Amino acid sequence: AIINKPEMMGRINGTFRSNHVFDNQYQAYQKALWEEMMDKDILNSTDIVIALNHYPVADPRIDYIQNDPATEWRDFDLIIAGHYHGGQIRLPFIGALFIPEPWYEQSFFPPQDRVKGLWEYKGTKQYVSAGLGSSEAITFLKFRLFNPPEINVLRFTR
Numbered sequence: 001a002i003i004n005k006p007e008m009m010g011r012i013n014g015t016f017r018s019n020h021v022f023d024n025q026y027q028a029y030q031k032a033l034w035e036e037m038m039d040k041d042i043l044n045s046t047d048i049v050i051a052l053n054h055y056p057v058a059d060p061r062i063d064y065i066q067n068d069p070a071t072e073w074r075d076f077d078l079i080i081a082g083h084y085h086g087g088q089i090r091l092p093f094i095g096a097l098f099i100p101e102p103w104y105e106q107s108f109f110p111p112q113d114r115v116k117g118l119w120e121y122k123g124t125k126q127y128v129s130a131g132l133g134s135s136e137a138i139t140f141l142k143f144r145l146f147n148p149p150e151i152n153v154l155r156f157t158r
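Residues 1 to 158 (the numbering used here) are what the sequence shown spells out, left to right.
Heads up, some of the hints might be wrong.
[Stated by the list, open to error] Okay, the calculated beta carbon distance ranges per label pair: (1) Pro148 / Leu118: 16 to 24 Å; (2) Thr157 / Trp119: 16 to 24 Å; (3) Phe93 / Glu35: 50 to 58 Å; (4) Glu72 / Ser134: 32 to 40 Å; (5) Pro111 / Val153: 35 to 43 Å.
Bear in mind the hints are in silico, worked out from the structure with no lab data behind them. Since the structure is predicted, the reported quantities are computational estimates derived from the model, not experimental observations. Yeah, the Cβ is synthetic: ideal placement off N, Cα and C, and Gly gets one too.
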């Protein structure tokens with residue numbers, strides 16, 4: 001979690017949120033999950049902390065989270081994400097044409113080293129898979145071009 005108290009669920013700037021986050025039953029469920037997570041939030045220095053997230057956490061969003069008093073950046077060893085589909089439409093020799101990411105100034109011709117694969121920013125490593133599907137961010141572009149689908153196998157070693 002990036003929020004620092006359960007009352008902030010669904011109220012973080014810059015992220016998509018559906019109306020269900022304001023439902024009382026959903027908020028009660030999230031608060032119970034929060035309390036359960038806090039009970040287990042005792043880590044040893046040798047523990048590896050991996051977050052599985054639909055969206056990669058763009059560098060500007062990490063900066064925002066670290067500077068916003070309502071949020072807290074966890075010390076993840078690795079974040080595994082998807083969502084960008086590797087830039088589901090890629091141009092030969094250029095790379096990804098578009099990714100659905102509001103945290104970058106432009107979604108067309110995004111930073112190519114952030115679209116798929118492993119990268120590191122401020123000590124946090126992220127691995128983004130190009131995955132199998134396609135995005136519906138632009139309704140008429142529900143296909144992949146010059147971007148074969150992929151299934152990833154990650155091997156962790158000491």
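Results of checking the hints against the structure:
1. Pro148 / Leu118: 16 to 24 Å: holds (19 Å)
2. Thr157 / Trp119: 16 to 24 Å: Holds: the Cβ-Cβ distance is about 19 Å, inside 16 to 24 Å.
3. Phe93 / Glu35: 50 to 58 Å: holds (51 Å)
4. Glu72 / Ser134: 32 to 40 Å: At roughly 34 Å between Cβ atoms, Ser134 and Glu72 fall inside 32 to 40 Å, so the hint holds.
5. Pro111 / Val153: 35 to 43 Å: violated (25 Å)
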